[in-house]
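J.: Chain by chain, the residues:
There are 2 protein chains.
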Amino acid sequence: MQNHNGANTHASLNGDDDVCRYSDHFDSDNEVKEETGNEAVRDCGKKLCIIKKTRYSDGTVRLRNPNIELMDQDILYHLALGSESHDLVEMFGDVKGTRFESVEAVKAKVTEVLNQLAEADFHHCFQQWKSHMERCRDRQGEYIESENVATFVCMGGTPKRMETFAFYIMKEIGHKLPTGTTLTDISQYSYRYSMYKVGPVLSISHGMGVPSIGILLHEIIKLMYHARCKDPIFFRIGTSGGIGIEGGTVVISEKAVDGLGNDCYQVPMLGKIVKRPALLDKRLSRELKALAHPEDPYETVIGTTMCADDFYEGQGRLDGAFCEYTESDKMVYLQDLQSKGVKNIEMEAIPFAALTHHAGIRAADICVTFLDRLKGDQVSTPKEVLNEWQRRPQELVARYIKKYLQTKGRISFDGHGSVAVKSPRRFKLVQQESQTFE
Amino acid sequence: MQNHNGANTHASLNGDDDVCRYSDHFDSDNEVKEETGNEAVRDCGKKLCIIKKTRYSDGTVRLRNPNIELMDQDILYHLALGSESHDLVEMFGDVKGTRFESVEAVKAKVTEVLNQLAEADFHHCFQQWKSHMERCRDRQGEYIESENVATFVCMGGTPKRMETFAFYIMKEIGHKLPTGTTLTDISQYSYRYSMYKVGPVLSISHGMGVPSIGILLHEIIKLMYHARCKDPIFFRIGTSGGIGIEGGTVVISEKAVDGLGNDCYQVPMLGKIVKRPALLDKRLSRELKALAHPEDPYETVIGTTMCADDFYEGQGRLDGAFCEYTESDKMVYLQDLQSKGVKNIEMEAIPFAALTHHAGIRAADICVTFLDRLKGDQVSTPKEVLNEWQRRPQELVARYIKKYLQTKGRISFDGHGSVAVKSPRRFKLVQQESQTFE
Chain A
22 MQNHNGANTH ASLNGDDDVC RYSDHFDSDN EVKEETGNEA VRDCGKKLCI IKKTRYSDGT
82 VRLRNPNIEL MDQDILYHLA LGSESHDLVE MFGDVKGTRF ESVEAVKAKV TEVLNQLAEA
142 DFHHCFQQWK SHMERCRDRQ GEYIESENVA TFVCMGGTPK RMETFAFYIM KEIGHKLPTG
202 TTLTDISQYS YRYSMYKVGP VLSISHGMGV PSIGILLHEI IKLMYHARCK DPIFFRIGTS
262 GGIGIEGGTV VISEKAVDGL GNDCYQVPML GKIVKRPALL DKRLSRELKA LAHPEDPYET
322 VIGTTMCADD FYEGQGRLDG AFCEYTESDK MVYLQDLQSK GVKNIEMEAI PFAALTHHAG
382 IRAADICVTF LDRLKGDQVS TPKEVLNEWQ RRPQELVARY IKKYLQTKGR ISFDGHGSVA
442 VKSPRRFKLV QQESQTFE
Chain B
22 MQNHNGANTH ASLNGDDDVC RYSDHFDSDN EVKEETGNEA VRDCGKKLCI IKKTRYSDGT
82 VRLRNPNIEL MDQDILYHLA LGSESHDLVE MFGDVKGTRF ESVEAVKAKV TEVLNQLAEA
142 DFHHCFQQWK SHMERCRDRQ GEYIESENVA TFVCMGGTPK RMETFAFYIM KEIGHKLPTG
202 TTLTDISQYS YRYSMYKVGP VLSISHGMGV PSIGILLHEI IKLMYHARCK DPIFFRIGTS
262 GGIGIEGGTV VISEKAVDGL GNDCYQVPML GKIVKRPALL DKRLSRELKA LAHPEDPYET
322 VIGTTMCADD FYEGQGRLDG AFCEYTESDK MVYLQDLQSK GVKNIEMEAI PFAALTHHAG
382 IRAADICVTF LDRLKGDQVS TPKEVLNEWQ RRPQELVARY IKKYLQTKGR ISFDGHGSVA
442 VKSPRRFKLV QQESQTFE
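Residue numbers (the working numbering), protein chains in the order written: chain A, 22 to 459; chain B, 22 to 459.
One or more of the hints may lead you astray.
DSSO-like, lysine-lysine: derived pairs with alpha carbons at most 30 Å apart [claimed, not checked]: (1) B:Lys-74 - B:Lys-296; (2) A:Lys-197 - A:Lys-423; (3) A:Lys-293 - B:Lys-293; (4) B:Lys-192 - B:Lys-128; (5) B:Lys-218 - B:Lys-310; (6) B:Lys-74 - A:Lys-351; (7) A:Lys-293 - B:Lys-361; (8) A:Lys-351 - A:Lys-276; (9) A:Lys-293 - A:Lys-73; (10) A:Lys-351 - B:Lys-293; (11) A:Lys-181 - B:Lys-404; (12) A:Lys-361 - B:Lys-296.
FYI, nobody ran anything at the bench for these hints, they're computed from the structure.
For reference, chain A alone in the conformation it holds in the complex (with noise of 0.2 Å):
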């Protein structure tokens, strides 16, 4: 069986030819022959592979922790939230439905509810059933209950990108708040991170980065599991700096490695170096692609990204505090880099990839260059235009989240976030004529 440390999963792979221990969450739909514990054995075709589960049936979010179910109460110290003070699984779970005290009280409200049904009603519930047969149809006969919906983290780096975000896949989703309400931070009293929900949707800021994401994904994936969430996919939204690729341009990453070129997190734990394998999910980043349009006004492209530590002379800038190395020192480097397929630098793809990886969560890093380093170090574009380039790998999320939950059903209108808009015309005529006489 594995081995009890866990994370030498990747280096294993060579120490046994019938049995592969490398826990492969993902790209896999072969069949699972064993289960035992919190191990599975999935025939991988050429050999039997071991895995870590890390879901329950029901698709929640299986810890590889086991102390975690004994505490008293977890606290979620950096996101200003615990497992027994907060309930997570209401505030994040979306789970639907009402819970009643006894028979009679069920009575009474299906007998009230069928009262006041309208012919409108029942005739909204013949399309939805017919909407959910043909979609049942084109699936193969595979159905799906519409209530079961993904929870989608989305994270950057800046509680501004971030906040930004949750306003725009609002009106993208067309997810409506009650009236006199707004977004709020749910993680303001952390001071650390901010954190909003929109629907499935969670808007996240990360700081800048290894360990700031690294704590992150710590109390993230442990609320996923606090809150019973079902089938999370994890999306990073950043700024990057490119190599040999012009500024503007949304790289999805493939495979994130360090500085020294390694495609693993190594993280010291009780004094030795433990390495995760930083790998992120293909099929994701591929559909991902699949959704760049050609009449997209920059390029996305797949590429290797370089998760660095340091801004400037970690990334071979020249305009540090320091510089002890030369311009032609720096571009042999930078050239290097681009012969070995990487197309853009940040600092977090590392522990984004290998943390929800090791969770056996789908994720996928998607950001925008700022500039081409082989040209020059400084970010010197207008921010105007950098703001408009943040938006690229946003719209492609949004994109990404839209299309699933159409599949699903429930985007049920075009959306315009909080406000229930009867005409966009009128609309727009009394928005221009009260701001005349602000």
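Since the structure of chain A is already known, use the hints to place chain B on it.
T.: Showing chain B alone in chain A's frame:
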């Protein structure tokens, strides 16, 4: 001479018996024997030391990067500042005086000022002279020009804590703002860091982890250079987990080690690891320790600080999203750290020590502990208590800055921020009165 790379200064200590190439900027009043370009030779007693010069003759910061002075403009991207877009000397240099267009203008101003002087002004002037002479006598004849004040750069994790510190230090040093103004976040449009300026004190948030504080240090060191700040002193005011000491204890770092016990900052640079010694200013630490009061309701200790790259597994916690070791593995590890003199674990000490040292800037890392890791992993102390604890390292730093400014004759009253208070009793009454009618 020192090798071109300059980064292996520590390693080459062993290579040469006559010349110490380790650039020890602090703790040394030894005579400079020879100066050539940006290096100097200093007699350290046993050896001749070759040091990189990190100061110009007027005490302003000299950068160890020849590229910056050749650039048209240096954009401090993550601070939302630029060397040509902003007048950084005017904003941060605290240069006193007015520039006049002609000799006539100077004469006119002098006449105007002299005519306005009253008897009390002359009295005040003589008092100032007397106080200056007394201070000069106390310092065995050393005369200090009161305009030549150091810049104090105070940094800590969250924007909230550093905003609080800014208002606190303003009160402590009696810094006054013009009526009708308040402090504002200088870097608000960076959406990355927050920065407040209170006279000679900068209060800046650095986010979490090594890369985040690393980016900030590069840009703040460059800011010191562009703004021609003199003899800056950097403080990190942080939070941490203690080892074998009570929650609420203040730890002044003697040295910093990483998760593998190395006392240097290892940065992959152009594909190779470069090591820089993570050294803090021992004299500054001792001076701070001496400012701890016996009546403080908590202990202040000096010890080794471990800088981790992760909050959970990287610090041997059992409560992350993953845990692949046991409680007893963890205890063996923490006890081993304790036996090596490690007093606390945080996430920024290594680059803070190494980059300030490399720049020749005196620096101290002062953290309060939020828990004793030998007793648990979760921070479960109530927020109000943690807030009180967070103020402890702030108080120590405030005592240092106040003492410094007092010896410089820069603190003239006991300070109430930007409001001029005539009678504290009546002031309070008016405040209460107006709050009643809110």
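J.: Look at each hint and say if it fits the structure.
T.: For each hint, the structure was consulted:
| no. | hint | in the structure |
| --- | --- | --- |
| 1 | B:Lys-74 - B:Lys-296 | 20 Å, holds |
| 2 | A:Lys-197 - A:Lys-423 | 15 Å, holds |
| 3 | A:Lys-293 - B:Lys-293 | 21 Å, holds |
| 4 | B:Lys-192 - B:Lys-128 | 38 Å, violated |
| 5 | B:Lys-218 - B:Lys-310 | 26 Å, holds |
| 6 | B:Lys-74 - A:Lys-351 | 25 Å, holds |
| 7 | A:Lys-293 - B:Lys-361 | 16 Å, holds |
| 8 | A:Lys-351 - A:Lys-276 | 23 Å, holds |
| 9 | A:Lys-293 - A:Lys-73 | 23 Å, holds |
| 10 | A:Lys-351 - B:Lys-293 | 12 Å, holds |
| 11 | A:Lys-181 - B:Lys-404 | 25 Å, holds |
| 12 | A:Lys-361 - B:Lys-296 | 26 Å, holds |
Going through the hint list in order, the structure does not satisfy hint 4, though it satisfies all others.
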